[in-house]
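Visitor: In case you want the letters, here they are:
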Amino acid sequence: MMTMSEKMKEVPGIYLRDAELKAKDAITFKWRPNAKYVWAGGIAYSRYLEELKNGRIIGRHCSECERILVPPRMFCDKCFRATDEWVYVKDTGTINTYSVSYLDADANRIKEPILVAVIELDGASEGIGILHYVDPKVDPKDLHVGMRLKAVWKPEKERTGSVTDIAYFEPIKEG
Amino acid sequence: MSFDKNTNPLKLHHVIGDMEADYIYTPGIAGDKFFKTLRDEGKFLATHCESCDHTYLPPRMYCERCFLKLDKWIEAESTGVVDTFTLVSEDSNGDKLTEPVLVAFIRIDKTNGGVIHKLGGIDAESAKVGMKVKAVLKDKSKRTGGLTDIAHFTPQ
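Heads up: the sequence lines are chains L and Y, in that order. Position 53 of the first sequence, counting from 1, maps to 53 under our numbering, and the rest follow consecutively. Position 35 of the second sequence, counting from 1, maps to 35 under our numbering, and the rest follow consecutively.
Worth flagging that the hints you see were computed from the coordinates, not collected in a lab. Note that this is a predicted model, so its numbers are computed, not measured. Misleading hints may appear alongside valid ones.
As the list claims (entries may be wrong) - Listed below are the simulated DSS-like cross-link pairs for lysine-lysine, each with C-alpha atoms no more than 27 angstroms apart in a straight line:
1. L/K157 to Y/K11
2. L/K24 to L/K90
3. L/K24 to Y/K43
4. L/K53 to Y/K11
5. Y/K43 to L/K30
Construct the entire structure; sequences and hints are all you get.
Guide: Okay, here's the thing in structure tokens:
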């Protein structure tokens with residue numbers, strides 16, 4: 001316990017307990033501040049999101065390290081120089097890593113797991129991937145690193161220029 | 001290549017989000033009693049420190065001057081005097097109000113405290129510092145246990 005001075009050894013009063021705060025007859029004031037934020041995509045990410053509306057995935061090429069960055073960046077994080085040109089990559093790719101989550105975005109426990117994976121898109125450089133959902137119909141046991149996937153796009157009218165314009169990735173059937 | 005400088009995020013592809021920073025405020029033990037009495041009985045409670053001869057409204061559990069525990073509760077009047085006032089034309093988000101609101105600090109009679117509240121039944125031109133006012137409470141069925149259980153203060 002906090003010591004206040006020689007004379008006062010304890011903080012006067014009673015510490016608040018959660019149960020008291022939540023008691024039905026307790027006077028409380030609940031409030032949500034009107035605090036908004038704006039997240040801006042920047043030059044590269046803005047183009048990337050706009051291209052998703054058209055059903056295309058775009059990246060940036062660095063001619064120094066010969067890498068294709070997806071999502072695109074105007075600056076190469078390896079060479080510390082401006083990237084050089086826009087390149088489209090395919091909407092197919094390979095699982096780099098994945099997770100089977102029994103928690104939703106608000107950390108609530110859920111019965112049906114959410115499948116997420118980092119997918120290295122065909123045309124992007126090795127080790128460069130985007131995080132996205134995998135088709136919820138896929139059996140979690142069948143997920144594996146190296147699995148081949150293809151984007152399932154939302155209908156054009158429903159696209160808003162967001163990564164969720166791709167609904168999820170589904171396995172590519174062999175043969 | 002060069003980059004165009006842009007300081008307005010709204011010109012770019014952007015997302016507007018809501019910060020879910022909810023909070024619960026508790027007025028404490030003394031405040032709890034104050035608001036419940038206001039809600040249920042329509043009365044203003046205050047605490048009195050005998051050694052300092054100071055009356056707290058809103059009530060305090062401890063004297064801010066001598067740190068004595070205060071357990072002498074008194075019923076204050078619901079009348080007071082305008083200490084200062086202002087005409088508010090914007091809400092707390094900075095948006096223009098359709099009708100400006102008169103807001104005053106009202107010293108409650110026979111206490112050393114007061115409340116900040118709206119003035120009603122009076123226009124800005126006739127409001128004066130030193131003016132005697134009384135609280136107009138909301139109908140009992142509409143009270144929720146808060147300072148808004150007082151509709152406004154109006155000239156006596």
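Visitor: For each hint, tell me whether it holds in the structure or not.
Guide: Evaluated hints:
About 23 angstroms separates the Cα atoms of L/K157 and Y/K11, which keeps this hinted pair within 27 angstroms; it holds. Simply put, L/K24 and L/K90 have alpha-carbon atoms about 57 angstroms apart, too far for the 27 angstroms limit, and the pair is violated. For a cut-off of 27 angstroms, the pair hint linking L/K24 to Y/K43 stands: about 22 angstroms separates their Cα positions. This hinted pair checks out: L/K53 and Y/K11 have alpha carbons roughly 18 angstroms apart, not beyond 27 angstroms.
Restraint check for Y/K43 and L/K30: satisfied, since their Cα atoms lie roughly 24 angstroms apart, inside the 27 angstroms limit.
Comparing the model with each earlier hint shows a violation of hint 2 alone; every other hint is respected.
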